[in-house]
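Asks: So the chains spell out like this:
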Amino acid sequence: MKQSKAQKVILIIIATLIAAVFIFPLLWMFFTSFKGMAESISSARLLPRNWTANNFIELFTVDTANAPIIRWLLNTAFISFGGTALVVITNTLAAYSIARLNLPAKRLFMFIIVASMTIPGIVIVFPRYFNFRDIGLLDTFAPLILPYAASTLGVFLIYSFLRNFPRDLEEAAYIDGANQLQILRHVIFPSIKPVIATLSVITFILIYNDFLWPLLVTNSAEMRTVTVGLANLVQGANFVNPGKMMASTLIATVPALVIFIFANRYFVKGVNSTGLK
Amino acid sequence: MKKLLLGSLLSSMVLLAACGNGETGAGDDTDNGNEEIPEEAADATVIRFLNGFTGGDGAFMKEIVDNFNDSQDEYFVNESQEPEHYTQFRTGDYELVVMHGVNLETYSMDGLIQPIDGILEDVGMSINDFHPAAEDLVGLTDGNYGIPLDIHPLTTFYNKNLTEEAPETYEDLVTLSEELQSENENLYAMGIPDSGLIEFYTLTLAAQNNVDLLSDDERYLNFAQEDLVDALWILHDMIYEDNISPEGLGLDGEFHAFMQDSEGDSGGNQTAVSLTGPWYYQAVSDAYGDDLGIGTIPQLGEQVAVYGNSHVISLAASVEDEDMLEGISAFIEFMYQPENLSNWAASGQAPLHTETMNYIEENAEDFPLPYQNQQMFDDYVAAPAVYQFGEQMRYMNETVIGRIVREENLTREELMEELETATGIAEEIADTAPEQ
Amino acid sequence: MKISKTVSTLMFLPFLLFFVLFWIIPFVYGIYVSFHNWTVSGGNNGFVGLDNYIRILTPGSMYHDSFMNALGNTLYFVGISLVPLVVFALLLALLIENIPGKLKVVFRTIFFISYAVSVTAVSAIFKWLFTGNGGYINNVLQTFGLDSIRWLNTQPYAWIAILAATVWWTIGYNMILFVNALDEVDESLYEAAALDGANAWQRFWNVTFPSIKGVFVFVVIITVIASFNLYGQTLLITEGGPARSTMSLTMIIQNTIFSQNNLGMGSAMAVLMGIIMVFITGIQYMIGFRKDENG
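Protein chains in written order, with the numbering used here: chain A, 516 to 792; chain B, 18 to 453; chain C, 13 to 307.
There may be inaccurate statements among the hints.
Said to hold, decoys possible - Pairs of lysine-lysine, PhoX-like flavour, derived with a Cα cap of 25 angstroms:
no.: 1; chain 1: C; residue 1: K114; chain 2: A; residue 2: K523
no.: 2; chain 1: A; residue 1: K520; chain 2: C; residue 2: K17
no.: 3; chain 1: C; residue 1: K225; chain 2: C; residue 2: K116
no.: 4; chain 1: A; residue 1: K621; chain 2: A; residue 2: K708
no.: 5; chain 1: A; residue 1: K520; chain 2: C; residue 2: K116
no.: 6; chain 1: A; residue 1: K523; chain 2: C; residue 2: K116
no.: 7; chain 1: C; residue 1: K17; chain 2: A; residue 2: K621
Worth flagging that the hints you see were computed from the coordinates, not collected in a lab.
Modelling step: build the complete structure from the supplied sequences, incorporating the hints.
Replies: Here is the structure:
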């Protein structure tokens, strides 16, 4: 579509205004974290009148016992990366097996997988909590990582992709004497990379942002994820100081923002090549 | 197919178990008040002691525990401070747990805690070694279900820049508010929140107006009483009749209003007095320093009375072992020495143990908050012992008080209807109690 | 190709294992529990058939009142969030599509970035921004001589605050889906439309929208599901208030199970919520699908 220069300028101005609205809460978080208690509890100014780093200093000294933010970040990183890797591996193998291999009852499995996608998570989440409680694994990494591998989205995405993908290369490799794992690694994997990139980003965001599940299965401060740990601070009587609240929020948010700025182009590219439409 | 499922189930169990163990081991390395058991205590009997002191008070309890562990080597108290320690207690193995007084009935009915009289006897103590308020707190029909640790009553903080002394009566509050308003219309005497500390406000007002909330069959909270309408209407009057409190403060509004700075660039409403939880002491003293005053509860109704929640130490129902019981007795005996328990008072909590109270009285300078709060113990009224107390109160907290605080045009009849709804819910909750 | 069943099964096995353990078993267990009087601390107290469901669905019990109230609140939120989250997202995507070159990437990243903030951080920020007494937004209003508003404890303002937080948080996700769909629209169709003298609206309605309709229906469906699962924002920003008016279904279910110690009743509520969601999703799917046939 052709636009005049004036039209372009107007569009850019509109976009800039909207962008300002989007950025504002983050700016407010940033500046409030440098305010002292009295000022942060009530002020009409965005910028601090008196800049102070006390909120951050206290977070890393006196509050480390009940608000170990760095530990929460490490937990979250471990869970998000570990869970994503687990999902990608199991889902790829499963989808490959259904789409290309000689799996018994594959139609039944595919039917169950698609049917399960229509059942909302709320039906599963509480009974699953009690399953974990009964085998004594609450407050460990097991419930924080393993259940995500029951996700069927990836199986569905990769299966849909493979179904429409020609088999010529695989057959050639087979005649050359490659086994199934080699074919998966050297032939299939390179071609489904975009799907896997998308699946990884979606899964990563899903695990990183999950709130109810980690809230249920963790009890102790050191097993919390960032999302759940911060929730305890928002609700708790201990953090009555919004400046300190925003300092902890800032620390918890920055790593995710950085990862996101670098990874979002994969998301943008990847969604195109999947069945998400 | 069946074999496949079964096989996968079994192997996954192994996997899970392996994963679980490995990770728990890793988790224990970090310090969260969870102590590693030191080598010299390897032969000691380990007492697992669970509490929810994840705020500033946690360090003070830890000091008592550490001192006990250092004082002898026969027993070792392994303390865990967990934010959701009730869930933890229901699902894990512990010998001792710190509970809130209002939860004793529920946990004893659910068969999770047992009477603690044997321990008291062992250490040569009885309920008479505590302030008389303790009896109501821990005494259920078949024994005492906890050793009283402290009461945290509704606490009166005041800002000395705005008032020289704490108001003692309703009239004092009216006068104070008039003075402040004439100075600056953003200033008020005190603030009434629409949610948050509702349990404290409701029970304090009920006690001040001599309302007994326990139903005739002693199972549920009966809110549907004309006397309670009168008592709660005081809140409505304070906001809409006498202008003591700003309108429509939100969650924890009594605290936030106290912390506002009406001189600054904010347009918020500031109050001179705050009736709030003692756990805000750190925050208010950081903000006001020497200008912070601590008072006793003003008389808003017909008499002076105050409600607050309490911490008590309870014994898990599963503990039977003699050696374990002896160890627990030794720990309790140690903790309830005034010089040790005063550590707990140093956190701002007000112990109920008479000897410790005397110690605090003598050293009032060092314990400003516990000293003020223990002055109110004579006027303390405990919550009725009912099953699932918190759930029975929930509708009051979520709906009823909020309407009083927010709705200027609310009528007494409408309030009565809401109290009937609240009572109905409380009764339904009481019906879910396990049969005894 | 001749592939052994063993190899095929072995490759499928890891996924199957997790799926059975963490999906099939909890699913069956949840339904099983919902037919029992089951407490968290005491365990199974016997089979009660459809009793739990009947008490939720017939008036006169607190379970009925709280479930219906929460269902109403949740549906209300689904209703008010749909237009901002879908239509505004599409408008943002269209805006971005018409911005040239590198700036496009910059704006796309800015509009999408808040999605990287976790729900608790979002809630913490918006809770303090909207606080009634002394909150930033009220202070700014007062600076302009306007009356402050009790955002978090009066309606409709509490919903507005929650909606604002939700839109800020998640609109970028929907926008990206639309951006991708718009990228794929065949340029030649626009050129043909331009030759026919179509104006901007006609171009959108006759060319753009039909091309992205599949994605549009998909976005509507996932948005409704996400809004139905409303939990973190209302738990942290308003705590379900004022007067339970922002209490969502997930909050009620969690409260029934853990605070009221009633796993059987809570499970029945969860199953009911699941059925309602499947039903609503099914209707949307059918409507979207039928229109496809007509078009």
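Asks: Hints first: check each against the structure and report whether it holds.
Replies: Here's how the hints hold up against the structure:
1. C/K114 with A/K523: 13 angstroms, holds
2. A/K520 with C/K17: 64 angstroms, violated
3. C/K225 with C/K116: 23 angstroms, holds
4. A/K621 with A/K708: Holds, because 24 angstroms separates the two Cα atoms, which is no more than 25 angstroms.
5. A/K520 with C/K116: 16 angstroms, holds
6. A/K523 with C/K116: 12 angstroms, holds
7. C/K17 with A/K621: OK: C/K17 and A/K621 at ~11 angstroms, within 25 angstroms.
The structure shown violates just one earlier hint, number 2.
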